[in-house]
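> I would like the entire structure built from these sequences, with the hints used as guidance.
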Amino acid sequence: MKKMLSVLLIAALCLSVVAGCGKTNGENQDVTVDSEDESASGNTAQEVQEPTNIIIWYETQEAIAQELQKELDKLAPEIIVSVERKDKLTEALKLVGNDPSSAPDMYFFAHDKIGIYAEMGILSPITNFIPASTFDDFIPMTVDAATYKEQIYQLPIYFESLLFMYNKELMQEVPTTTDELLLYMEANTIDGNYGFVEQHSTAYFSVGWIHAYDGFIINDKAQPGLDRQETKDAIKYHKQFVNYMPIDGDYNTMTTLFKEGRAHSTIGGPWLIPDLVENGIDIGIAPMPIVNATSKAISPFAGIQGICVLKEAENKKEAVTKVLEQLSKPDIGINLAKTIGSAPVNNKCYDDDAVKNNEIVMTLKEASATAVPMPNVPEMDVMWAITENLLSSVNKGDKDPVIASDEAQKKALEQIEAMK
Amino acid sequence: MSRRTKLKVKLGLLNLFFVVACSLCLIPILYTLSVSLSGTNNILSGSFSFIPKTFTLDNYKAVLFNEPYLLWLKNTLILVSATVTLSLAVAIPAAYAFSRFRFIGRKTILYILILLNAFPSILSMFAIYRILMPIKLVNSYLGLILIYVGTMAIFGLWNMKGYFDTIPIEIEEAGKIDGANDFQLVTKLILPLAKPSIIVTAVMIIIFVWNEYIFAVTFMTGAQKYTLAAGLYALQATQYTRNWPVFSAASLLTAIPILIIFLMIQRNMVSGLTAGGVKG
Amino acid sequence: MKKRGYKKFIPYIYSLPGLIFIGLMIVFPILYTGYISLTNMNVYHWFDFHIIGFQNYKKALFVLDTGFLAAFGRTIVWTAVNMMLQMIIAFLIASLLNVEGLKLKGVYKTILMFPWAMPGYISILLWRMGMFNTEFGLLNNWLNRLGFSDVHWLNSDHIAFGSSVVVNLWLALPFMIMIIDGALQSIDKTYYESATIEGAGYFVQVRQITLPLLKPIIAPAVIITMFTTFKQFDIIYLLTQQQGSKTGADIHTVITYTYEKAFVTNNYGYSSAISIIIFMILIIFSLAIRGGKKGGDVDE
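Chains U, A and G, in that order, are what the protein sequence lines are.
Each step along the first sequence adds one to the number in my numbering, with nothing skipped, and position 271 is 271.
Each step along the second sequence adds one to the number in my numbering, with nothing skipped, and position 45 is 45.
Each step along the third sequence adds one to the number in my numbering, with nothing skipped, and position 97 is 97.
Wrong hints could be hidden among the right ones.
[As the list claims (entries may be wrong)] Distance condition first, Cα-Cα at most 27 angstroms in a straight line; then the derived DSS-like pairs of lysine-lysine:
(1) K10(A) / K189(G)
(2) K356(U) / K149(U)
(3) K58(G) / K195(A)
(4) K103(G) / K6(A)
These are computed hints drawn from the structure, not numbers from a lab.
Structural data, given as structure tokens:
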């Protein structure tokens, strides 16, 4: 025991030495955090002689963060941007939002949280830094998404939505309407193989069907729409499709089925594509089927990813402005489209050949005409769980859609009340 | 003759029982192992078999060399050693006090300490942040260590007090007669006797810190500072690009050091947890 | 005379560092939560909140609706079932581990500790994806091979409850086994020897010697485990309620229920009030049980 203890202690000592080197790096980071405030006030006095440090948090794929870092490194040496990973970003911002020593200057995330943070008072409108005319070239839907209570809080960079994907080997004729799709599913769902699969009981996916019926989960006036006739009709109609899908409508099950060729088609995001290609699936992309009853296509949510600025960064106005200007150029959009196949929000990006030839990006661009951005009102936060409970109880529990929707609406109103 | 065979049969059955029990216990682990050794990125597969079709050690290589696993390991070891040392340094005197002395509030405090565990601590984040922020310890190891020590202090105190209770007071009285002062009493007499309990408490603290990710992720920024548990969380957080085999490999690599420590400590854990062989 | 005065303070001095830590990290959050519960801290008043008295508690009482009562009842069943199974199985395994002549004891113990060595949420994820998954999970895989049809492990209330109990046991047994194992070893063997001489059989020995001697030793650990089981959030949530992959089963416990009803509203004043209420309920509960058990064997 003594021997082991001494071994452990020696090991710990050696590691602490190594750690010592590591810690100095960490300390340097802390030092830069402090010098931010100093150089910020020094900024106005001496024209950007001391480099300003900007910290941007992200929680997304490393590839995206790397592109951002590359793009913003162009601003060196006057402005040094460090793009840092922060897990549980949304929770962390709630915690440190107004604390200059722990909060970042900006963060990169989807647009749906800006309502909450705006109400909390930790965001600074983007228009404080760059003129509204910057957005003239942007796809209008994305600017709408970035706007809350008439203020623009986010600089959109790219958006994502869902696509109808099918296995070219298994599906020869792609259904153009949902009735056709249902018939296809009836004919082809046997023996563990499925004509079509999707994450049927998640809000994000089924909302596409609800929108096709002109229903909605919550509108921009923060009124939930779960008990509207349109929503009920959509859920009732959708249930027929669920009968031909596995009951476990979760991401892993659905993608594995499609990956292994046991599902002929699916609705999924562009992030799936690299994985599918690796598995040798001959992927085809088609426009969303149109719902016969309403002649509208399935219109899923769109998520717009972009940069928001925290209020505390207002004392680094020049640096922040430069960062935002750099990111509103088409470059970042084009690079991201090339690396991860995302659809840029800047119309100018679509002049680039690489972007024009990317089938996925162009399909997304077309979809942007009908896609509905996720609601960014704070009240949306409580709707996710309620909607999913509603969908689960109808799709998996066989509850009557009308009764379930009415109950869900009541719960939604209660919880929105409880938020105040 | 019959007695010996009876014993042999009994032991044989016993061993069989444990082999079965251990296998049952290990099924999810073996599954993870299999996924971690497979070459295709599938946690689920229609054609699953325990022996993966495409056997590869690439995932382990990826974890050890591509991901900052070693860095995380180093961070975790630092946190663990510091937390264990500080926790024991704080809990042993307290346990001694509660065990040996009778003072006002003793029973009440002991009871309250247990009741404190009834609090659903989901919201504690804010309160702890309020404490760490003014002393600028939010994004630092020291802050985490303080949190961990506070959390483990109750358990350490109770555990060791229970053990101290079983050490007869006669030993200390004999020591006092021999002229030892309080400090010598504790270090030369009590601690060696309490060794098993200290080791067990230390092991429990190690496991807690090793696996703790909520505080680590909330209060640390930057992948450089992550512990193993936090790093694992980051690995699986990006759901859509999750690389299952790598994640499984990382999970197993996280568990192995603990098991090694545990195996090595086995001998010293005899009668570790509570009362112990201090006879006559 | 001075010495005696000073001696009175020794225990307080010794325990001070420990109590300070506990005070900061455990007691303060409780007090702070209590303070917040009296304010109107929510999305609209995140940093500029002020005290509003007991309004949050009034609101919280509405959460204590039928859903809450159902969840509360279920949580009690959950705790009782888990504790009973844990104690019985752990005692069984620990006793068997301590049989004379078991050479591989160390190996067995180490393997049985495995579930403990990984972060909990990872194990739960693996259970959910790898074992319980309806299409591809290991369990259904085997069932299919044996000719049975798929079981929906997480979709219907009762089966989901059972599955969660299994996962909880898998995660919690190592701790219990260790505790009871240590406690068993501390019992003087001579008691058993004299009992055998007097002709007492195995079960009598267990009842008269082992259990009474075990009780005071393992009591603190058992109580802490009971609270932990009651507060268990991860298992139920990650298995059945996680946003984006709800399974349709409603096996809410008190804490998952309040999470979904209250914590997601980002209304911290309100959520704090509910936390305090749950805390109070638990304390009253444990006081009641302790009173019933006659004799505080806990703090000897």
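> Against this structure, judge whether each hint is valid.
Outcome of the hint check:
Restraint check for K10(A) and K189(G): satisfied, since their Cα atoms lie roughly 20 angstroms apart, inside the 27 angstroms limit. The suggested pairing of K356(U) with K149(U) is violated, with an alpha-carbon distance near 34 angstroms, which exceeds 27 angstroms. The straight-line distance between the Cα atoms of K58(G) and K195(A) is roughly 52 angstroms, outside the 27 angstroms bound, and the hint therefore fails. For the hint pairing K103(G) with K6(A), the CA-to-CA distance comes to about 17 angstroms; that is within 27 angstroms, so the pair holds.
When each numbered hint is compared with the structure, violations occur for hints 2, 3.
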